[in-house]
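A.B. asks: So the chains spell out like this:
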Amino acid sequence: MRPARDGAGGLTKSEIKRHFAPLSLSAKGLACQRGGRTVFRDVEFTVESGEALIVTGANGAGKSSLLRLLAGLVDVAGGSLSFDGGADDAVLCEQAHYVGHLDALKAAMTVRQTLQFWSDFFGGDVAGADYALEAFNLAGLVDLPVAYLSAGQRRRLSLSRLLVSERPLWLLDEPGVALDVASLERLVGVIEAHQAQGGVVIATTHQVLNLAHSKLLELGSLKVTA
Amino acid sequence: MKRAFFSLVRRDVALAVQIGGGGGMAVFFFFVTVTLMPLGIGPNLNLLGQIAPGLLWVALLLSSLLTLDRLFQADFEDGTLDVLSMGSLPLELAVVAKILSHWLTTGLPLVIAAPILGLLLNLEEHQFMPLVLAMLIGSPALSLMGAIGAALTVSVRRGGLLASLLVMPFYIPVLIFGVATASAGAMPGATAQATALLGAVTLVSIVVGPWASAAALRANLKA
Numbered sequence: 001m002r003p004a005r006d007g008a009g010g011l012t013k014s015e016i017k018r019h020f021a022p023l024s025l026s027a028k029g030l031a032c033q034r035g036g037r038t039v040f041r042d043v044e045f046t047v048e049s050g051e052a053l054i055v056t057g058a059n060g061a062g063k064s065s066l067l068r069l070l071a072g073l074v075d076v077a078g079g080s081l082s083f084d085g086g087a088d089d090a091v092l093c094e095q096a097h098y099v100g101h102l103d104a105l106k107a108a109m110t111v112r113q114t115l116q117f118w119s120d121f122f123g124g125d126v127a128g129a130d131y132a133l134e135a136f137n138l139a140g141l142v143d144l145p146v147a148y149l150s151a152g153q154r155r156r157l158s159l160s161r162l163l164v165s166e167r168p169l170w171l172l173d174e175p176g177v178a179l180d181v182a183s184l185e186r187l188v189g190v191i192e193a194h195q196a197q198g199g200v201v202i203a204t205t206h207q208v209l210n211l212a213h214s215k216l217l218e219l220g221s222l223k224v225t226a
Numbered sequence: 001m002k003r004a005f006f007s008l009v010r011r012d013v014a015l016a017v018q019i020g021g022g023g024g025m026a027v028f029f030f031f032v033t034v035t036l037m038p039l040g041i042g043p044n045l046n047l048l049g050q051i052a053p054g055l056l057w058v059a060l061l062l063s064s065l066l067t068l069d070r071l072f073q074a075d076f077e078d079g080t081l082d083v084l085s086m087g088s089l090p091l092e093l094a095v096v097a098k099i100l101s102h103w104l105t106t107g108l109p110l111v112i113a114a115p116i117l118g119l120l121l122n123l124e125e126h127q128f129m130p131l132v133l134a135m136l137i138g139s140p141a142l143s144l145m146g147a148i149g150a151a152l153t154v155s156v157r158r159g160g161l162l163a164s165l166l167v168m169p170f171y172i173p174v175l176i177f178g179v180a181t182a183s184a185g186a187m188p189g190a191t192a193q194a195t196a197l198l199g200a201v202t203l204v205s206i207v208v209g210p211w212a213s214a215a216a217l218r219a220n221l222k223a
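Those protein sequence lines, which keep their order, are chains B and U.
Residue 198 in this note's numbering is what sits at position 198 of the first sequence, and the numbering runs on without skipping anything.
Residue 179 in this note's numbering is what sits at position 179 of the second sequence, and the numbering runs on without skipping anything.
One thing to keep in mind: the hints can contain errors.
[As the list claims (entries may be wrong)] What follows is a set of in silico ranges between Cβ atoms, one per label pair, in the way DEER data are often shown: (1) B:VAL91 with U:VAL208: 44 to 50 Å; (2) U:ASP78 with B:ALA21: 30 to 36 Å; (3) B:GLY189 with U:LEU161: 46 to 52 Å; (4) B:THR56 with U:LEU161: 39 to 45 Å; (5) B:GLY35 with U:GLN50: 52 to 58 Å; (6) B:VAL76 with U:LEU161: 49 to 55 Å; (7) U:GLU77 with B:GLY60: 17 to 23 Å.
[What the hints assert, rightly or not] With a cut-off of at most 20 Å between alpha-carbon atoms, the simulated DMTMM-like pairs for lysine to aspartate or glutamate come out as follows: (8) U:LYS2 with B:ASP125; (9) U:LYS2 with B:GLU174; (10) B:LYS215 with B:GLU174; (11) U:LYS222 with B:GLU48; (12) U:LYS2 with B:ASP75; (13) U:LYS222 with B:ASP75.
What the hints contain is simulated information worked out from the structure, not anything from laboratory work.
Here a beta-carbon is modelled for each residue, glycine too, at the ideal position from N, C-alpha and C.
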C-alpha cells in the first residue's frame, strides 16, 4: 500500500503532464424534454478552456437534465449545442466524464478493482489511478470492498473516475454532496488543477464552491453572469 | 478498445461469481427441475429416455431465463450504464461483452451440467454428443436474444417476468432445432440438418441481438 501524502492531490501541478487542446462549448436556445414535459428551454452559455460553469437553480429546474443532455444521455429537444476543439474526431460524450447522483459502484468490488476497471475501460494508465487514489485520499481504503464505504467515501471513489483517464470536460452533478470540509477542499483543488490544464468543468451545486474563473448559470431565471 | 472490452467481460464474470445469483443459481435450478422430472413421470426408463432431450432443453431454456433480469438491470440502477455508454467502446460492443459474460457464467455451466443430468434421465449413449454439441451451438442464442428482452425491460421493476414473456417466443426455434438434433437419430442426416439450422439461429441472433439490445438500452436511458 502506498503511503498517503498530504494536501489536495499530494502532487504538485508540475508533476502532472496532461494538457488539453483548447476547446469551447456553447449552447444557444437549448431546450430539454423529459417524459413529454419541457424541463428547460432557451438556455444559453459558453464555456472555454480553463473555465468552470456553476449551474444553480431550484429543485426540478433541470440541473441534472442539463448535465445528462451534455453527456449525451438525453436528446436535445431544441436549440443547438456546439463543441469546438478538444481531441480530434471524438464526439462530445467521448470527451466528457459524467459523475451523477448514481455512483456506478459495485458493492462486491474493492476500491482497487473499481479503479482498475475504470482505468481499463477508459484507457487510463497506472499513474492516473495512483493520482486518483491520492487526490481523493483513498489510499488507505484500496483493499476494502465498496460495500463497507461510507457515503462520503463512496462519493470520493465515484469522483476519482475523473482522474483515472484524461478527458477535458467534466460534468459533475452535485459533486460536493456527502463530502466533509477537508474532502470538499480536495475536490476544489482537483477541479482547479483540471482548469489549470485547460479542462472545462460544468457542475451543479447548492453548496458554495470557491472556484477561480467560474461563471454562474441559474436555471429557471435563464441568464449567465460572469 | 480490446482492453475496455475484456475488462468489462472480466468484471461481469467476477461479479457473477462473487455475488452468486448468476450461473450458480441457474445450474442449481437446472438440477432441481431435471431431478424432479423422473419423480413426476415415474420409473419408466424407456419413456424417460425418449423425452430426455426435450426435458433437458426445456430446463435449459427456463434456467437461462431465470438469470436474464439481472443482465442489465443492476448496471442500469446504479448508474454504471451511464458510464458504459460514454466510453470509447460503442455501446453495442459493451452489450456484446455483457452477453459474453452472461453466457460464460450461465450458458456454459448449464451445457457442462447437461450430460450429467442426461444420465439421470436415461439419455441414450449415442445422444450425448449431439446433445452437448447442439447446446454449445444453441445456448449463445439464448443469451443473445434474452439480452433484447432484458434491455427492453431494464427500467421496469421486477421486469424479469415481462422479459421472459417477451423472449420466450424467440426461444422456440432454438428449442425445436435443439431437440431435433438429439432425437432425430433414426433419420440419417437429420442431426446434421438440425445442427446447421440451430447454428443459423445463433448467427442471426449474433447479428440482431447486440444492436437491438443497445438500441433498447439507449431508449431506456434517454427516457
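A.B. asks: Confirm or reject each hint.
C.D. replies: Structure-based check of all given hints:
1. Evaluation of the 44 to 50 Å hint for B:VAL91 and U:VAL208 yields a failure: the beta carbon distance comes to about 25 Å.
2. For U:ASP78 and B:ALA21, the Cβ-Cβ distance of about 33 Å falls inside the hinted range of 30 to 36 Å, so the restraint holds.
3. Separation of B:GLY189 from U:LEU161 is about 49 Å and conforms to the stated range, judged on CB atoms against 46 to 52 Å.
4. For the pair B:THR56 and U:LEU161, the supplied restraint of 39 to 45 Å holds, since their beta-carbon distance comes to about 43 Å.
5. Checking the proposed 52 to 58 Å range against B:GLY35 and U:GLN50 shows it holds: the Cβ atoms sit about 54 Å from each other.
6. For the hinted restraint 49 to 55 Å between B:VAL76 and U:LEU161, the CB-CB distance of approximately 35 Å leaves it violated.
7. The given range of 17 to 23 Å is respected by U:GLU77 and B:GLY60, whose C-beta atoms sit roughly 22 Å from each other.
8. For a cut-off of 20 Å, the pair hint linking U:LYS2 to B:ASP125 stands: about 15 Å separates their Cα positions.
9. At roughly 33 Å between alpha-carbon atoms, U:LYS2 and B:GLU174 are farther apart than 20 Å, so this suggested pair is violated.
10. Annotation: proposed proximity of B:LYS215 to B:GLU174 holds, straight-line Cα distance about 16 Å (limit 20 Å).
11. A threshold of 20 Å between alpha carbons decides the hint, and for U:LYS222 with B:GLU48 the separation of about 27 Å lies outside it, so the pair is violated.
12. Our distance criterion of 20 Å between C-alpha atoms is broken by U:LYS2 and B:ASP75, whose separation comes to about 29 Å.
13. For the hint linking U:LYS222 to B:ASP75, the alpha-carbon distance of about 7 Å falls within 20 Å, and the restraint holds.
In summary, the structure is inconsistent with hints 1, 6, 9, 11, 12 from the numbered list given earlier, while agreeing with the others.
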